[in-house]
Structures are given as structure tokens and as C-alpha cells.
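Q: Sequence:
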Amino acid sequence: MSEEVLAILMMWTFIFIYSIFGSIDFGAGFWAMIYNNHKTMAGRIANRFLSPTWEITNTFLVLLVVAFVGFFPKGAYTLGTVMLVPVSLILFLLAIRSAFMVFSYSVQGYRRTMFIISGISGLLIPSLLIAVLPISQGGFIAVDGDTQSLLLSKLLTSPTLYLYVLFGLTSELYLSSLFLADYARVSKKEDAYRLYRSNAILLGPLTLLAALFTLLFITPESSWLIDNLKDQKIWFILSLIAFFIAYASLWWPKQNRPGIGRPRLTLLATVLQYGLASVGYGLAHLPYIVYPDLTIYEAFTAPETFYSLMIMYIVGLAILAPGFYIFWRLFLKDKRYLQQE
1 MSEEVLAILM MWTFIFIYSI FGSIDFGAGF WAMIYNNHKT MAGRIANRFL SPTWEITNTF
61 LVLLVVAFVG FFPKGAYTLG TVMLVPVSLI LFLLAIRSAF MVFSYSVQGY RRTMFIISGI
121 SGLLIPSLLI AVLPISQGGF IAVDGDTQSL LLSKLLTSPT LYLYVLFGLT SELYLSSLFL
181 ADYARVSKKE DAYRLYRSNA ILLGPLTLLA ALFTLLFITP ESSWLIDNLK DQKIWFILSL
241 IAFFIAYASL WWPKQNRPGI GRPRLTLLAT VLQYGLASVG YGLAHLPYIV YPDLTIYEAF
301 TAPETFYSLM IMYIVGLAIL APGFYIFWRL FLKDKRYLQQ E
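The numbers in the UniProt record's numbering rise by one with no breaks, and the one at position 163 of the sequence shown is 163.
Heads up, some of the hints might be wrong.
No more than 20 Å apart at the CA atoms, straight line, and that leaves these computed lysine to aspartate or glutamate pairs for EDC-like [what the hints assert, rightly or not]:
#1 Lys39 <-> Asp191
#2 Lys74 <-> Glu3
#3 Lys154 <-> Asp144
#4 Lys154 <-> Asp293
#5 Lys74 <-> Glu4
#6 Lys74 <-> Asp144
#7 Lys74 <-> Glu304
#8 Lys39 <-> Glu190
#9 Lys74 <-> Asp293
#10 Lys74 <-> Glu298
#11 Lys254 <-> Glu190
#12 Lys254 <-> Asp191
#13 Lys154 <-> Glu221
Please keep in mind that the hints were generated in silico from the structure rather than gathered at the bench.
Please model the complete structure; the sequences and the hints are all you need to start from.
A: Rendered as C-alpha cells:
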């Protein structure tokens with residue numbers, strides 16, 4: 001495996017981890033806003049998860065950005081230049097969201113505002129982030145000598161952008177519903193579990209339809225990607241099988257538990273579904289970072305920098321791993337925390 005492929009594999013791993021954690025985090029913020037003061041305590045369940053975890057999600061975002069800038073500096077320059085406005089909006093929304101998350105727990109008067117800010121930003125931030133995908137597929141960047149610029153009017157009038165946004169939002173709400181359904185069941189809040197389970201039952205097929213429509217109405221400039229996706233169809237077939245297993249498990253009974261459905265199995269199978277599809281999409285997109293102007297080989301850093309960064313990440317993750325484990329034990333495993341009123 002070449003150095004460039006190893007670097008993009010690490011990058012893609014960080015992207016996948018952040019997409020899963022980010023979907024659950026931002027989706028939980030949206031559900032906390034929607035179900036605030038709901039009789040099922042669904043909003044309180046979402047906020048209970050959200051309270052300690054939003055910092056962890058931001059950690060993976062920092063790891064992702066640093067890895068991209070370090071491993072592919074030319075690619076970071078290209079995307080940073082053409083995505084200046086969307087990235088600025090993302091940073092602004094993240095800063096506002098983080099500020100209200102901090103102040104809301106020390107000043108009670110901010111709590112209602114925090115729910116609104118977190119809920120709205122939970123929809124806007126993923127919508128801006130996923131705009132990178134259609135841009136990277138080609139047709140939206142103008143090159144004039146050494147100057148690159150985003151064809152913003154063309155992007156905003158392209159149905160591909162909005163189909164990607166639709167797919168991103170349905171995926172976010174679907175994943176967060178599954179997680180919160182499992183979280184509610186472990187917390188022994190069956191009413192909240194049934195509510196989130198019903199949301200997942202509705203959102204599952206909508207997510208699949210959004211993915212299919214995104215592929216059907218892809219821009220002509222991205223025909224190269226469709227051809228490559230066909231060569232990787234085995235990954236998408238496996239992903240589809242994982243989806244049906246996950247969706248069917250929402251009706252499987254479980255012994256010694258009231259109600260039906262196995263949300264833990266559904267969530268794990270859904271993560272596997274997205275993982276398989278992510279592998280297929282990533283392989284189809286190689287070797288381009290931005291088609292047709294920039295490949296991973298052209299954007300790659302010096303070999304010395306690559307090995308230094310790899311050592312830094314191995315050491316850094318070894319330091320962070322115990323902290324992640326302690327966090328999981330305290331806030332996602334401890335039943336005293338989960339089942340508090």
C-alpha cells in the first residue's frame with residue numbers, strides 16, 4: 001500500500017467516524033429541540049446524551065482537519081479556497097452552538113435558547129458539510145491560471161446539491177433516532193423508546209430513497225463517478241443487505257424486555273451499512289480529491305512529513321484512547337447516569 005493510499009485511508013476513516021458521531025450529535029440536538037417538554041421525556045433523553053458528548057464530536061473534527069492539512073496540503077488549499085464561505089459559516093455555527101452549550105449549564109436562562117440554537121445548527125452544519133461531496137465530483141470549480149473559484153450560482157441551482165443535503169439530513173435523523181431509541185431503552189424510558197423507534201421506522205426508507213435519487217439525478221460532470229460506482233457494486237449490495245437486516249430488527253422481539261425491536265442491533269447494523277457504502281464510494285472516488293484537477297498523488301505532502309504525522313497520530317490516539325474509554329464507561333454505560341430522572 002502506497003503512502004498516499006495509506007494517508008487517504010486514515011483520512012477516510014476519520015471522515016466516517018466523524019460522520020457517524022456528528023450525525024448522532026447534531027441529530028440529538030434537533031430532537032432535543034423538537035421534544036423539549038414532551039410528555040415521554042424524549043427531549044430530556046436527547047439532552048442527557050448531548051450534554052457530555054458534543055466535545056468528543058469536536059475532537060474528531062479537529063483530528064480530521066489537521067490530518068487533511070498535514071497529509072494533503074494542496075488539497076486543503078484548494079478546498080479551503082473554494083469553500084471559504086461555507087467553511088466560515090460552519091465555524092461560526094459551531095462557535096455559537098458550543099458557546100450556548102457551555103453557558104446553558106451555568107446560567108439557566110440560556111437553556112431554552114440553547115435548545116433552539118442546537119436544533120437549528122444541527123440541521124445547518126451537516127447541510128454545509130455535505131456540500132463538499134458534489135463539489136469534489138467536478139463541475140463546480142472554475143480554474144483561471146493558478147486561481148480557483150467556486151461557481152456558487154451553478155452549485156446553488158444544481159439539484160444534486162439539494163439531493164445530497166436531503167440524504168445527509170435523513171441519514172442524520174435516522175442514525176440519531178436509532179441511537180436515542182437504544183439510549184432510551186437502556187434508560188428504561190419505554191415511551192421515549194417507542195417514539196424514537198417510530199421515527200426510525202419512518203426515516204429508514206426515506207434515507208434509502210434519498211440515496212437512490214441522489215445517484216439518479218447526479219450531474220453530467222459526475223458521470224465518471226457513476227461508472228466507477230458500478231465497478232464497486234458489491235459494496236453497495238452488501239450495504240443494502242445490512243440495511244434490510246437493520247430495518248427488520250426494529251420488529252424482532254427480545255426476551256425479558258417489554259415492546260418489540262432490538263435498537264442496539266439495528267444501530268450496529270446501520271453503522272455497518274454506512275461503512276460498507278462508504279468503502280464503495282471511497283474506492284470509486286479514488287484517486288481524485290477534486291475531479292479532474294486534483295488527485296491524492298498531486299496533493300500529497302513530503303514523505304518525511306507523512307511519517308512524522310503518522311507517528312504523531314499513533315501517539316496522540318494512544319493518549320486519547322483511555323479518555324474515550326472512561327467517557328464511554330461514565331456516560332454511555334453507567335446505568336446510574338442513564339436511569340436518573
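Q: Now tell me if each hint is right for this structure.
A: Structure-based check of all given hints:
Distance hint between lysine 39 and aspartate 191 is fulfilled; the C-alpha atoms sit about 9 Å from each other, no more than 20 Å. Between lysine 74 and glutamate 3 the alpha-carbon distance is near 16 Å, which keeps this suggested pair within the 20 Å criterion. Restraint check: the Cα-Cα separation between lysine 154 and aspartate 144 comes to about 17 Å, which is no more than 20 Å; the hinted pair holds. With a C-alpha separation of about 18 Å, the suggested pairing of lysine 154 with aspartate 293 holds against the 20 Å cut-off.
The hinted pair formed by lysine 74 and glutamate 4 meets the criterion: a straight-line CA distance of about 13 Å does not exceed 20 Å. This hinted pair checks out: lysine 74 and aspartate 144 have alpha carbons roughly 17 Å apart, not beyond 20 Å. Restraint check: the Cα-Cα separation between lysine 74 and glutamate 304 comes to about 16 Å, which is no more than 20 Å; the hinted pair holds. Under the criterion of a C-alpha separation no larger than 20 Å, the hint pairing lysine 39 with glutamate 190 is consistent with the structure, at around 12 Å.
Only pairs whose Cα atoms come within 20 Å are accepted, and lysine 74 paired with aspartate 293 is accepted, the gap being roughly 11 Å. In summary, the hint linking lysine 74 to glutamate 298 is supported, as the alpha carbons are separated by about 8 Å, within the 20 Å threshold. A C-alpha spacing of about 14 Å is found between lysine 254 and glutamate 190, which places the hinted pair at or below 20 Å, so the restraint holds. At roughly 17 Å between alpha-carbon atoms, lysine 254 and aspartate 191 fall within 20 Å of each other, so this suggested pair holds.
For the given pair, lysine 154 sits about 12 Å from glutamate 221 by alpha-carbon distance, which is consistent with the 20 Å threshold.
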